[in-house]
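Those protein sequence lines, which keep their order, are chains W and P. Residues 1 to 295 in this note's numbering are what the first sequence spells out, letter by letter. Residues 1 to 223 in this note's numbering are what the second sequence spells out, letter by letter.
Errors might be hidden in some of the hints.
One side only, chain P facing chain W, incomplete, derived with CB under 8 Å [claimed, not checked]:
id	residue
1	M1
2	K12
3	P94
4	A186
It is worth saying that the hints were derived from the structure and are not from the lab. We put the CB at the ideal spot given by N, CA and C, even for glycine.
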Amino acid sequence: MTPIIECVNLTHYYGKRLIYENLSFNVPEGRILGLLGKNGTGKTTTINILSGYLKPHSGECRIFGSDIFSMPPTMRRDIGLLLEGHVQYQFMNINQIEKFYSAFFPGQWCRDAYYGLMEKLKVSPRQMISRMSNGQRSQVALGLILAQNPKLLILDDFSLGLDPGYRRLFVEYLREYATAGNKTVFLTSHIIQDMERLIDDCIIMDYGKILIQMPVKELLNGIRRYTCNIAEGYEPELGDKFYHPGVIGNRMETYSFLELNEVETELKKRNVPYSTLKAEKIGLEDAFIGLTGKY
Amino acid sequence: MIKAIFFKEWIKTRWCFFIALVVTTGMAGYSILKINKLVSLKGAGHLWEVAVTRDALFIDMLEYVPLIVGIVLAVVQFAPEMQRKCLKLTLHLPCSQKRMIFSMLAAGLTLLLTCFIVNFGVLYACLPAIFPSQLVWRFTLSAFPWYLAGVASYLMASWIILEPTWKMRIVDITISIFVISIYFLAPAPEAYNSFLPYLTIYTFMLIVLSWISVSRFKSGKQD
């Protein structure tokens, strides 16, 4: 089956600064994929390339099998785009913006999906977007995407500027909508707890490359945080099966996909002077920090 | 779709349009009042003589008005699109991007030309009562480049505002100043007569400039 999004060997520079090289990934149909990475790893760059607002230095990106820079305009009917900060036309009010967008999506526009969400906001239909809070604006942006009823949603940092209540509302609506309609979602967010509730698959990016791409369940079942006591000042060199080992005081912490007995074998093989080794299951945020490091 | 695009542009520009209409029509009306006052003081014959022998136009207070209206309209229409890169939303709509941009410009030009036509209407309604048709025609032809400058300033300001980088904006502003100065090179009445058809074509061709800025925006150019 052709993936909904297919990026092959993407390389991009800002000036002379390399953002990433030969980045390749696919997003299969009906999956919610979260792109996770620290600031500056190229999340927004990837979203900009995917939404057709940035030409990569080299490489190719296809959506629905069509090159994004030459896709016919009608194909954009099936791509919902949420810009960072829930940007929408500030000069319109709730009614005007719905009237405007609906004209571009004849036959697929679900007016009720939009107004259903607007009713929850308890704001006047003549309320200007410019006078809304970030949270209210996020609901307008989400309502418009839901009314568009696209097959693919591209959401750039959907949690930016939202309080916990609005974040939860956004995540719950989106999750329900995507699973019920077999929608494909590609998103980024700074708040990883939200991602854990929402996404099926994740791509974790480090500077210049993808660290992992796998289903979240598989990641959380596989990765462990290992802690042990160790001689103070010991500098661990554990090899590439361990992520970001660090020592604070006499306690060492590292992350790995290895089982406890395999870790013990590795530590013994390297003559690490450890004691009381413990393995812990962790959440997505800890897994992200474990894989990318704290700095 | 076109109706929806015009609807959006109307929401952005309606207040600016009404203010521009009131101000420019008011200024055209004020010019007529001034001419009427001169007629009552010195007689129409004296004004005809001054118009013929001293190249007086009597409506020269309108010279830079269309230019300013064009710039203000472009700012009101396109600055909100560049605010937080809202243009991305516009270009993401399932409509040819060229059709979208040129329809937006067509909406702006429609309002601008409406404003200018009303101006000419006021002048045409009043001037024939004071001046012979030859002089009215002379005033019209002399004022025409000013109104073309208004169209040019609108198209060039749109080009500048849609440009995504400040470096290129400065280059665009410099080019625009030179281009706009062409419309004000010759102060003598009817100085542009033989050149007017070419100037008109050249003015409306400036519409393509905005597409250059949009193409740069689409390719991700930034400071």
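Verification of the supplied hints:
1. M1: holds (6 Å)
2. K12: At about 5 Å, which falls below the 8 Å cut-off, the nearest Cβ of chain W leaves the hint on P/K12 intact, so it holds.
3. P94: This interface hint holds because 4 Å falls under the 8 Å limit.
4. A186: At about 40 Å, which exceeds the 8 Å cut-off, the nearest Cβ of chain W leaves the hint on P/A186 violated.
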